[in-house]
Amino acid sequence: MTESPLREPTFLVLTALAETPRHGYAVIEDVLRISDGRVRLRAGTLYAALDRLRADGLIEVEREEVVQSRLRRYYRLTALGATRLADEVARLRRNADTAGRRLRAAGLLPEGGVA
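Residues in the sequence shown are numbered consecutively from 1, following the numbering used here.
These are calculated hints, taken from the structure and not from any lab test. Cβ coordinates follow ideal geometry from the N, Cα and C atoms, glycine included. Worth double-checking, as some hints may not be accurate.
[Claimed, not checked] What follows is a list of derived Cβ distance ranges for each label pair:
1) A106 - A43: 41 to 47 Å
2) Y25 - P110: 40 to 46 Å
3) V61 - L32: 19 to 25 Å
4) A55 - E19: 31 to 37 Å
5) P5 - A106: 20 to 26 Å
6) L80 - I34: 20 to 26 Å
7) R102 - R54: 18 to 24 Å
8) T98 - E62: 23 to 29 Å
9) E62 - P110: 44 to 50 Å
10) E8 - V67: 27 to 33 Å
11) E64 - E111: 20 to 26 Å
Let's have the full structure, built from the sequences with the hints guiding it.
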């Protein structure tokens, strides 16, 4: 059975956590940065996604610390999460390569073009 494609926000959350463990607000900031400002996660949306990703075994809590009397959780990608992200990268790359070849074949994208 093939996994369904990841939604873009989920893909970006996993991508943010692939670099280093991060707490929620840092994930929000990194997703905004790596999406060039297109994806703006709200805290409620992020924490629901983090809970789902934890339940799926794709991420885990690395550590917790108290900052200004509040608990801060740091999340990290699990081995399963890294595999799932890598599979999605490969799927997206195959799709982009196919689209680029077809655009070039149709003369709609110059050789050496972006796609």
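Status of the hints after comparison with the structure:
no.	hint	in the structure
1	A106 - A43: 41 to 47 Å	44 Å, holds
2	Y25 - P110: 40 to 46 Å	42 Å, holds
3	V61 - L32: 19 to 25 Å	22 Å, holds
4	A55 - E19: 31 to 37 Å	23 Å, violated
5	P5 - A106: 20 to 26 Å	25 Å, holds
6	L80 - I34: 20 to 26 Å	22 Å, holds
7	R102 - R54: 18 to 24 Å	39 Å, violated
8	T98 - E62: 23 to 29 Å	37 Å, violated
9	E62 - P110: 44 to 50 Å	46 Å, holds
10	E8 - V67: 27 to 33 Å	29 Å, holds
11	E64 - E111: 20 to 26 Å	52 Å, violated
Hints 4, 7, 8 and 11 from the earlier list are contradicted by this structure; the remaining hints agree with it.
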